[in-house]
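K.L.:
What follows is the residue order along each chain.
2 protein chains.
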Amino acid sequence: MINLIQKYLKIFLFTFIFCISFFVVSDDASPNLAITSKDINLIKNNINKVFPAKKELDSLIESNEKYISSRPVVPYPKDAGGGYTHEQHKTNYRLLYENALIYQLTKNVSNLLYVKDLLLEYARIYPSLDFHPKQKEQSPGKIFWQSLNEAMWLFYAIQAYDMVKNSLSVDDKNKIENNLLRPMAIFLSKGQPDTFNKIHNHGTWAAASVGMTGYVLNDKNFVDQALYGLDKSGNAGFLKQLDNLFSPDGYYEEGPYYQRFALLPFVIFAKAIDANQPELKIFDYRDSIILKSIYTSVQLSYNNLFFPINDAIKDKGINTIELVHAIAIAYDITSDNTLLEIAKYQNHILLTGYGFKVAQALNLKKERPFNYRTVNLRDGIEGKKGALAVIRNNEDNQTIVIKNTSHGLNHGHFDKLSWIFYDNNNEIVQDYGSARFLNVVQKNGGHYLKENNSFAKQTIAHNTLVVNEASQFNGDWKVSQNHAPEILFFQNTKDLKITSAKFEDAYEGVIQERTIASVHIESLDFPIVIDFFSINSNKKNKYDLPLYYNGHLISQTGNLSYHKVPKILGNSSGYEYIYEKGFINPQNSLEQITWLKDNRFYTVSIATEDNSEILFGQLGANDKNFNLRNENLFIHRVDNKSNLNYLSVLEPHGEYNPRYEFTKNPISSIKSLNGIVDGEITLIKLLFLDESEYHLVFTKIGDGETSHNYTTQLNNYEWKGHSKLFTIKK
Amino acid sequence: MINLIQKYLKIFLFTFIFCISFFVVSDDASPNLAITSKDINLIKNNINKVFPAKKELDSLIESNEKYISSRPVVPYPKDAGGGYTHEQHKTNYRLLYENALIYQLTKNVSNLLYVKDLLLEYARIYPSLDFHPKQKEQSPGKIFWQSLNEAMWLFYAIQAYDMVKNSLSVDDKNKIENNLLRPMAIFLSKGQPDTFNKIHNHGTWAAASVGMTGYVLNDKNFVDQALYGLDKSGNAGFLKQLDNLFSPDGYYEEGPYYQRFALLPFVIFAKAIDANQPELKIFDYRDSIILKSIYTSVQLSYNNLFFPINDAIKDKGINTIELVHAIAIAYDITSDNTLLEIAKYQNHILLTGYGFKVAQALNLKKERPFNYRTVNLRDGIEGKKGALAVIRNNEDNQTIVIKNTSHGLNHGHFDKLSWIFYDNNNEIVQDYGSARFLNVVQKNGGHYLKENNSFAKQTIAHNTLVVNEASQFNGDWKVSQNHAPEILFFQNTKDLKITSAKFEDAYEGVIQERTIASVHIESLDFPIVIDFFSINSNKKNKYDLPLYYNGHLISQTGNLSYHKVPKILGNSSGYEYIYEKGFINPQNSLEQITWLKDNRFYTVSIATEDNSEILFGQLGANDKNFNLRNENLFIHRVDNKSNLNYLSVLEPHGEYNPRYEFTKNPISSIKSLNGIVDGEITLIKLLFLDESEYHLVFTKIGDGETSHNYTTQLNNYEWKGHSKLFTIKK
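In order, the protein sequence lines correspond to chains L and G. Residue numbering for the first sequence follows my numbering, starting at 182 and increasing by one per position. Residue numbering for the second sequence follows my numbering, starting at 182 and increasing by one per position.
Hints are not guaranteed to be accurate.
Repeated chains share a single entry, so a pair holds when one copy, or any two copies, can fit it.
Here are the simulated lysine to aspartate or glutamate pairs, EDC-like style, with alpha carbons at most 16 Å apart [unchecked claim]:
#: 1; residue 1: Lys745; residue 2: Glu757
#: 2; residue 1: Lys225; residue 2: Glu576
#: 3; residue 1: Lys748; residue 2: Glu761
#: 4; residue 1: Lys745; residue 2: Glu761
#: 5; residue 1: Lys911; residue 2: Asp424
#: 6; residue 1: Lys721; residue 2: Asp298
#: 7; residue 1: Lys845; residue 2: Glu812
#: 8; residue 1: Lys723; residue 2: Asp353
#: 9; residue 1: Lys356; residue 2: Asp706
#: 10; residue 1: Lys495; residue 2: Asp779
#: 11; residue 1: Lys379; residue 2: Glu836
No lab work stands behind these hints, which were simulated from the structure alone.
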């Protein structure tokens with residue numbers, strides 16, 4: 182009897198809550214996530230006036246026609262990433278979202294019915310699903326091999342449902358909500374507490390999906406869990422992720438590849454929060470951290486491609502769909518016309534409110550050049566875990582990236598103090614990126630390849646020092662995660678841009694200080710890069726400084742001994758993947774290596790040491806599955822030394838012009854290089870073939886306002902701040 | 182006394198001739214070469230109405246200002262190609278031409294004076310010059326290391342002189358004509374009879390320079406020598422070059438790289454002939470061979486780059502300056518608006534009469550798509566020395582080039598029956614081109630590199646059969662020059678484009694027949710290429726069929742044994758440059774190798790033989806100066822066989838999309854491949870994974886109208902012409 186009463190009470194309560202929620206979420210409040218009913222009206226009323234919105238809609242309709250004329254295809258989960266069922270379920274969430282959007286904009290019933298049928302089909306099979314048969318690592322999904330994909334599925338599906346629910350019967354809504362959306366949200370939250378509470382992009386996807394489901398199903402519990410963590414304490418959840426995943430400069434510790442990926446749930450969920458809980462002022466949160474992070478994402482690119490630091494697919498760029506949304510949302514909030522230059526390049530108009538506003542602005546030709554800046558992006562929650570230095574010479578289309586950041590979690594590489602150099606639209610001194618063929622089933626099912634750990638993450642895969650053929654922290658990322666370089670200084674002046682960092686934890690007893698400067702010398706074609714790498718150790722070591730050059734080797738000073746058959750450089754730490762093709766035993770105090778990329782020459786001039794060797798290498802040894810690109814490098818090796826200063830200059834020069842058949846300045850202009858460390862002062866002397874002479878002086882002492890004075894037998898140097906370039910002879 | 186009379190007579194005659202020439206070549210007839218006074222008036226009267234002519238002129242003026250504000254720089258000849266004096270003398274002929282043109286269009290005296298001073302400076306030093314200190318091979322110049330450059334110098338200088346001479350004093354003209362132009366023309370004609378009379382592009386440059394000098398100096402002797410050879414018999418000279426350097430289809434036997442280079446003197450000199458001797462109707466000569474050759478040059482390109490057969494720099498394309506002139510001249514004559522598409526891409530408006538007319542037409546947006554065709558370009562003076570087959574699928578942006586031509590003189594490669602495959606804007610099955618860094622002094626002074634002979638020209642450097650590790654004709658080009666493949670048939674229908682050629686001279690006792698077909702299969706993403714290579718020999722041989730794939734190896738069937746340390750493939754004929762990285766011993770009747778280039782997959786499916794091996798190689802062995810690109814290849818090797826049929830299919834498929842993160846069809850659709858030769862009939866059976874089945878049948882018997890009937894146990898095939906594709910099951 183009591184049971185019966187309880188049962189009726191439950192039914193009554195359920196109906197009551199249902200009615201309340203139904204009344205509260207009235208027709209005109211739907212949709213009300215990142216796309217609102219107001220947005221829909223804006224688009225519908227203006228679509229013919231704003232190019233190319235109507236065309237975009239027509240093309241969206243057309244591309245969906247072939248699908249909606251057939252029955253939905255919802256296969257039982259079977260394949261890993263890249264496989265048939267994986268791709269079909271991905272297709273389905275796109276179909277849900279796109280057809281729901283088309284329905285909103287056209288009221289075409291066939292799109293509605295397709296979305297309804299597709300959701301019902303998922304609602305039919307979902308309750309019976311166990312973990313995916315190819316479950317990945319610790320966090321499997323049900324529809325997909327990993328729960329990350331599942332969260333992405335719900336992310337789109339809930340937005341689709343938000344756009345159709347007012348046109349569905351109560352019965353259909355019940356089935357979809359109770360058999361699919363609610364169980365999936367529960368599975369993604371308390372069903373996998375570790376992932377959901379993780380301060381990590383996987384956690385953000387889960388929070389965004391569950392939180393939006395909460396808004397749509399009017400379930401405050403889901404919303405609060407999403408915002409404040411499973412226990413609603415605020416120690417996890419979206420706000421904590423905003424606190425802890427970005428540095429105060431909007432840098433995401435995993436690096437730009439994961440930053441742009443993580444951005445989508447941040448910006449879409451933030452839009453949804455703004456629509457439902459405007460009082461949270463989410464876009465102002467933590468000094469506008471969401472907007473900062475969007476701007477920083479763009480700053481982390483060259484020639485529209487992201488810097489490939491850490492695990493990164495090198496062909497990812499700022500036209501990625503995540504950044505299409507992010508830029509448009511940022512524009513909607515800021516009306517900053519420089520964002521429109523990015524939107525114009527992206528060439529993808531979204532049929533959302535914010536997307537439509539971008540289209541309107543582009544129609545009015547409001548775009549202005551985006552301000553790519555020289556900037557030291559601090560890493561760490563409080564900005565104290567190193568920094569990523571980005572040095573730009575915009576007129577010369579040059580960028581230097583110096584990775585003085587923290588490790589970057591399990592997608593980080595052992596590459597502290599490494600650098601990348603871009604020039605003439607190419608990555609000239611390059612970073613390997615990750616060893617992965619995304620979604621290519623033949624290549625380890627589209628996962629990261631074995632060589633990602635065994636080579637791409639290792640120190641020798643980067644343009645930074647390797648001590649005794651071992652990676653930094655012996656390749657243990659959890660140890661590396663606790664350490665970051667100390668930024669000694671960063672100075673940005675017109676003809677001299679320079680940064681210096683110190684790192685003393687990567688190798689026991691070895692203190693590394695690297696200073697990299699971009700210097701403008703009047704008589705040269707382009708700015709040059711001065712690299713001064715100072716190493717101090719309490720014992721003798723073998724030091725390897727690799728440089729991955731991109732281009733065709735043109736010349737080198739010194740006698741190159743070419744091995745009849747390549748040697749293999751080593752047995753571990755990534756050395757096993759490198760063929761040694763030949764070497765030079767430097768006989769001169771200056772050795773020069775020149776290569777050609779596209780129509781420009783690049784020379785690295787190296788002040789050499791006694792007992793040093795320059796090895797010429799190529800990737801490919803032990804690469805049994807042809808998983809690596811056969812990139813080229815040279816390694817400046819100095820063995821059996823405790824203290825050492827590596828000094829080199831990278832100089833872009835000349836022109837190779839096959840169209841008009843001429844070649845200009847194929848030879849370096851540098852005659853000699855000299856580095857002197859005297860206490861806390863470092864003096865670098867550059868002598869050019871035209872006998873002009875420049876001295877770079879720098880010190881970590883003081884700050885930008887400190888005055889310094891340094892005298893040698895020949896010269897007296899006076900300057901303010903950390904560094905100055907002196908013209909000795911012009 | 183008689184001597185004295187003779188002397189006075191000479192002076193009198195000289196003065197008389199001088200006066201006549203002066204009278205005949207009156208002011209309004211100058212300039213009168215490729216640029217005429219009428220052209221100058223056209224440009225001057227319309228320059229502000231035609232975009233971007235005024236801008237071009239302003240920019241031409243501006244780029245010359247820094248030069249004409251200083252004294253001319255005419256160094257004594259010293260350096261080889263790419264060196265300082267070489268480049269300075271090249272700069273000077275450009276300065277002569279450009280400033281003379283600016284003077285014509287602006288009447289600005291400073292440009293005139295600069296041209297005058299520069300010419301006088303050359304006139305001052307030229308008489309004292311002996312052969313260039315770095316003289317090249319058989320035909321040295323004086324200002325330059327080779328007389329080819331010297332002819333090019335005169336080519337521009339005489340055009341410049343033609344534009345200024347009416348503004349110079351008689352004294353200056355005498356100095357310039359008598360100390361520079363006339364002696365240089367004599368040096369380039371009777372001073373080097375072998376080169377001048379050569380039926381070769383070097384001869385054309387000499388003829389054009391000497392002939393134009395003849396028109397300007399009113400020296401009929403020079404003109405007649407240029408047109409008809411030194412002895413004026415017509416056995417040499419420009420007309421003979423038009424007869425013998427092009428096939429009836431406008432193909433130049435050295436290939437497109439030299440064709441475009443050779444074109445400039447042809448078209449400029451032809452324009453000059455037309456202005457001075459219109460009665461020769463030079464553009465109608467030999468069925469309009471000059472125009473044919475211009476069109477053919479464009480046909481010999483893909484994605485705006487020339488096919489890199491024979492000695493070719495791979496980054497040369499249809500925007501090369503020679504073709505800018507040629508296209509504009511062709512447009513001037515034909516008014517064919519499809520040429521304007523090329524001109525628009527070239528984006529270089531010439532301030533000549535023909536260039537200006539192109540600009541006018543582009544202003545009116547008259548350009549129409551150029552008709553890139555499927556065409557069999559016959560080689561040889563009478564079109565009987567083989568052919569270059571160009572098979573295009575324009576809608577799919579695919580092109581196949583099959584090199585069934587003659588050798589191509591000393592720039593030819595040992596590559597008969599080789600092929601190149603282009604798709605998706607890339608060269609997918611690639612030809613190495615030449616081993617040369619044009620004008621890069623560090624790389625053998627900009628000459629062809631040693632590896633051009635020892636590798637790039639060798640058969641193993643190409644996608645064609647190597648017998649017993651030797652090159653065709655044992656690498657002797659003078660022998661090869663006497664032989665060309667026999668074209669068995671060429672058929673161009675909508676879904677089937679196919680050509681077949683036979684070559685029986687390259688290896689003693691070995692008869693090669695290669696048939697390459699492009700086939701459109703409805704269910705596939707893109708057309709596929711069927712390659713059937715039939716070999717018959719009277720003894721057992723080792724057969725190697727290399728394929729240079731461009732992209733990253735994704736997968737291969739069979740167990741790949743990867744060498745711990747690469748082997749070197751051989752000792753000679755180019756084999757010494759190839760590392761063998763690993764191999765497969767095929768266990769199946771079908772082996773598949775898949776690679777990825779940009780966003781598309783490519784699979785070669787190979788019907789394998791017993792005792793065959795597939796070797797995976799990379800260039801770089803013994804490459805002591807890093808002169809070669811490290812291209813990748815695989816070699817299908819069959820040892821100890823006399824007769825053999827290689828059958829394979831190249832299939833572009835799927836999509837790798839990093840922007841939107843999806844991958845489609847990364848796996849080949851082919852299930853099995855079967856080739857049967859039955860007398861004169863070849864039957865190729867293709868079975869696909871979806872169980873659809875197609876049979877390609879071909880025969881060399883008959884012609885395009887011949888009816889054939891062939892019956893097997895399973896099927897009956899009836900067709901007309903050489904080949905047909907039968908749908909067995911869809």
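K.L.:
With identical chains treated as interchangeable, where does the CA-CA distance between Lys723 and Asp353 reach 16 Å or less: within a copy, between copies, both, or neither?
P.N.:
Neither: 70 Å inside a chain and 71 Å across chains, both beyond 16 Å.
K.L.:
With 16 Å as the alpha-carbon cut-off, assign the pair Lys225 and Glu576 to within, between, both or neither.
P.N.:
The answer is neither: 43 Å in one copy and 36 Å across copies each exceed 16 Å.
K.L.:
Quick one: Lys748 to Glu761, C-alpha cut-off 16 Å, is that within a copy, between copies, both, or neither?
P.N.:
both (5 Å within a copy, 14 Å between copies)
K.L.:
Given identical chains, is Lys911 near Asp424, meaning Cα to Cα at most 16 Å, within a copy, between copies, both, or neither?
P.N.:
neither (51 Å within a copy, 59 Å between copies)
K.L.:
Which holds for Lys495 with Asp779 at a C-alpha limit of 16 Å: within a copy, between copies, both or neither?
P.N.:
between (19 Å within a copy, 12 Å between copies)
K.L.:
Which holds for Lys721 with Asp298 at a C-alpha limit of 16 Å: within a copy, between copies, both or neither?
P.N.:
neither (71 Å within a copy, 66 Å between copies)
K.L.:
If the cut is 16 Å between Cα atoms, do Lys379 and Glu836 qualify within a copy, between copies, both or neither?
P.N.:
neither (51 Å within a copy, 34 Å between copies)
K.L.:
Should Lys745 paired with Glu757 be assigned to within, between, both, or neither, using CA atoms and 16 Å as the limit?
P.N.:
Between copies only: 10 Å across, 19 Å inside.
K.L.:
For Lys356 and Asp706, with the copy left unspecified, which applies at a CA distance of at most 16 Å: within, between, both, or neither?
P.N.:
neither (69 Å within a copy, 39 Å between copies)
K.L.:
With identical chains treated as interchangeable, where does the CA-CA distance between Lys745 and Glu761 reach 16 Å or less: within a copy, between copies, both, or neither?
P.N.:
Both ways: Lys745 and Glu761 sit 11 Å apart in one copy and 13 Å across, limit 16 Å.
K.L.:
How do Lys845 and Glu812 come out at 16 Å by Cα distance, when the copy is not named: within, between, both, or neither?
P.N.:
For Lys845 and Glu812, the Cα distance exceeds 16 Å both inside one copy (27 Å) and across copies (27 Å).
Hints 2, 5, 6, 7, 8, 9, 11 from the earlier list are contradicted by this structure; the remaining hints agree with it.
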